[in-house]
Amino acid sequence: MTGADGQDDALIEPALSDLAHRWVAAVRRTSFLDVGAETLRDRFEQLVTLLAGVLRADPFDPRPAAGAGAALIDVGLSSPEALQHSIAVLASLPAAADVKPDDDDRIGAVLGAVAAGFTRAGRQRILDDQERIRRAWARALTDAEHSLQLELHHQAHHDPLTGLPNRVLLYRHLTDTLGEAGGRDRIGVCFLDLDEFKTVNDTLGHGSGDRLLVALADRLRACVNGAGHFVARVGGDEFVVVVRHSTGPGQLTELAEAMLAELSKPVRLDSHELSVSASIGIVEQPCHGADPDELLRAADATLYLAKEEGRARYALFDAKRNAQQVLRYGLTGRLAGALDRGEFELVYQPLVALADNRLRGAEALLRWRHPDLGTVSPNTFIPVAEQSGMIHPLGRWVLRESCRVAADWQRSHPDTPLLISVNVSPRQCTDPRLLDDVRHALADTGLSPANLQLELTETVLMQSTGQPIQTLRTIADLGVRIVIDDFGIGYSNLAYLRHLPVHGLKLAGAFMAGIRSLASDHVDEQIVETVIRLAHTLQMTVTAEGIETADQAGRLASLGCDLGQGWHFGRPVTAGEIPSR
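Take the sequence shown: its position 318, counted from the start at 1, is 318 in UniProt numbering, and no numbers get skipped.
Simulated from the structure, these hints should not be mistaken for lab results.
None of these values were measured; they are calculated from a predicted model.
One thing to keep in mind: the hints can contain errors.
Said to hold, decoys possible - List time: in silico DSSO-like cross-link candidates among lysine-lysine, alpha-carbon distance up to 27 Å:
| no. | residue 1 | residue 2 |
| --- | --- | --- |
| 1 | Lys198 | Lys265 |
| 2 | Lys198 | Lys320 |
| 3 | Lys265 | Lys320 |
| 4 | Lys307 | Lys320 |
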């Protein structure tokens, strides 16, 4: 080994070997090292040679000794004990390196530089390790966050039960499709709803219902995706299919038929074999000017047209019917508070005894004064009230208000009692509260039961059995009259009719066609006469509505008809305008 001054160091080799042996033994006791003893001795001899050169250098500069301290870190020595043992061993270097023994300041500076280099390198090693750990952790977090983001994105855009796209992804797909469409591109939307799916949940449980949904969703996916279309689950048992680049309504109807056929195939669930039908609303139109919300709303409205037509079928969007649906939906929302806002009123059309043309009573007719639409026809809002359930509070109000007006009339005209006739809707007829509603209306207004008449349609009355008929019998026992409205347009069984609590028949307006003039076919007149005789045989009165002329009134009187109603006797008027006789 050659020193800094060029003298031969072979004479100090045994001393260096002893130092190396002592150092290796010391640091191996205090550190976990991956290198062997031979490698450590080689590193120590390199270290000693470097330091010996620093000690002999002139001018003296201890700073290179810091590199020797850093070299200890490179070997893997990082503990304070390793530094302590290294300094203790290197303190013997002056004698081994033939440095002047009185030059304590020089050896101290060298050992201090070793310690400083060791400390700096150890701190840097820690910082580097921490940075590597941080970066590795950051990469792991980034990967985890990316995976989590993908999972959250999937969950946010897909139905967890069936795995199909959900409403959010459907809306995005529609928006993108319309945004990317060319000027002549068309789009088709099928809104599908399973018929009577609630029955499955109610009878077999929601678990079976979920399994059925998964099975049916798989069928839809295979049927639709195979043709390159898009399908999403948007509700409990509702699905939407989007046909991009539609070729016309024919393509949509063929797809609807294929879906209905696929869904109608039996599904085996444990010991149950289930057959499910579906209804589909179809909208097919140019992409230009189309709106995702409007497409879905129109398809949904068309779906309910399919259900109204009998279910297990599809219906194509029709602009006129859609306008009616839109009006009905708008009325449904407005109807709920219309009664509280005082938008309803009753008008009364006279009922006249045909024998002497004297006022016998009046029929209460409901009118809705809509603030925006004006007067809404009962033919428009009554079906909405029936469907929404609003017919019950509305019917109770009509019954009570009619009884109040009749009671006021009765008190003001004790010699001319007014028979007030009130229409009862099909849903009211099956409502078990109808009897209580009648009782309360009579009791609260003081009207005599003999002055109240309830009109029910022929179809409802003939199809009613059980409790509804018993309710009507009890109402009749109170003294209230029951009349069949629009008699003659249904399929009445006269043998059955005689056993019902019915006091009168009101002829359908169609019967008036045969007696509009003297030149009319007398066959219609004979039919009317026959009905009147049958009714009188059953001890029922007969009322004819739609009378427009004195001639009609006279001919009906000659046939024995009891009461008449129509523009000849007066149009509907307010309670204050009812004639006094």
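To see whether the hints hold, each was checked on the structure:
A distance of roughly 18 Å separates the Cα atoms of Lys198 and Lys265; the hinted pair therefore holds under the 27 Å criterion. Under the criterion of a C-alpha separation no larger than 27 Å, the hint pairing Lys198 with Lys320 is inconsistent with the structure, at around 31 Å. Proximity of Lys265 to Lys320 is assessed by CA-CA distance (about 34 Å); at most 27 Å being required, the pair is judged violated. Using a Cα cut-off of 27 Å, the hinted pair Lys307 and Lys320 holds, with the two alpha carbons roughly 18 Å apart.
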